Amino acid sequence: DTGVSQDPRHKITKRGQNVTFRCDPISEHNRLYWYRQTLGQGPEFLTYFQNEAQLEKSRLLSDRFSAERPKGSFSTLEIQRTEQGDSAMYLCASSSSGGGYTGELFFGEGSRLTVL
Amino acid sequence: GNSVTQMEGPVTLSEEAFLTINCTYTATGYPSLFWYVQYPGEGLQLLLKATKADDKGSNKGFEATYRKETTSFHLEKGSVQVSDSAVYFCALIKLLGNQFYFGTGTSLTVIP
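Which chain is which? The protein sequence lines are U and W, in order. Note that the numbering used here gives residue 87 to position 93 of the first sequence, counting from 1, and the numbers run on in steps of one. Note that the numbering used here gives residue 62 to position 61 of the second sequence, counting from 1, and the numbers run on in steps of one.
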């Protein structure tokens, strides 16, 4: 399977705990995105990497959230001191930026976070 | 600012009915427009796209035309199938931009 993979698919945690999600993009893609989706809403942009550099961060990304892409391949999204409002589906997407780039994103199946 | 507004659902249609899902956008400059689809239990996937005014995107019998004068990108299909049941998202990305703006999604259920 050469698509975007995310792990874990579902995480249930207690309020105040830390959680980490991992995303493995399509191998030849140098751009990686994190989005958050809540019930009945479309995906909302969180952050974006080109290779290992984090180039954009949304105001939605509070200081409890941190994302890394240390070697320009997989990425992690960590949420510290989780709150019930963090319950959502966290989506990872990747894309290329080479010739012929048309803006298409390739999404993983998402990691669902439930904070009790 | 940039935003996408799409018709609220849920939409329920009988098989072979005509489908329209409305989408309008607000953007500075000249965005590219997309329709993404999310089938049950799966990730979002690109359905079709249009990168400039008057372009028509098409795929799997679905079509949408980029209308700059009405800032719209309505999704249409002439004859829906049960397998088209999914959530459909309209989205835009600014030219050379890195941030997609998604609508809230429209759930479609097609009954036999």
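Where hints are given, some of them may not hold.
[Unchecked claim] Dumping the calculated DSBU-like pairs for lysine-lysine here, alpha-carbon to alpha-carbon at most 35 Å:
hint, chain 1, residue 1, chain 2, residue 2
1, W, K61, U, K8
2, W, K95, W, K57
3, W, K57, W, K69
4, U, K5, U, K51
5, W, K95, W, K53
6, U, K51, W, K53
7, W, K69, U, K51
8, U, K65, W, K95
9, U, K5, W, K57
10, W, K95, W, K69
11, U, K51, W, K57
12, U, K8, U, K51
No lab work stands behind these hints, which were simulated from the structure alone. Quick caveat, the model's predicted, so the values are computed rather than measured.
Cross-check of the supplied hints:
no.: 1; hint: W/K61 with U/K8; result: violated (43 Å)
no.: 2; hint: W/K95 with W/K57; result: holds (18 Å)
no.: 3; hint: W/K57 with W/K69; result: holds (12 Å)
no.: 4; hint: U/K5 with U/K51; result: holds (24 Å)
no.: 5; hint: W/K95 with W/K53; result: holds (11 Å)
no.: 6; hint: U/K51 with W/K53; result: holds (27 Å)
no.: 7; hint: W/K69 with U/K51; result: holds (29 Å)
no.: 8; hint: U/K65 with W/K95; result: holds (28 Å)
no.: 9; hint: U/K5 with W/K57; result: violated (40 Å)
no.: 10; hint: W/K95 with W/K69; result: holds (14 Å)
no.: 11; hint: U/K51 with W/K57; result: holds (32 Å)
no.: 12; hint: U/K8 with U/K51; result: holds (26 Å)
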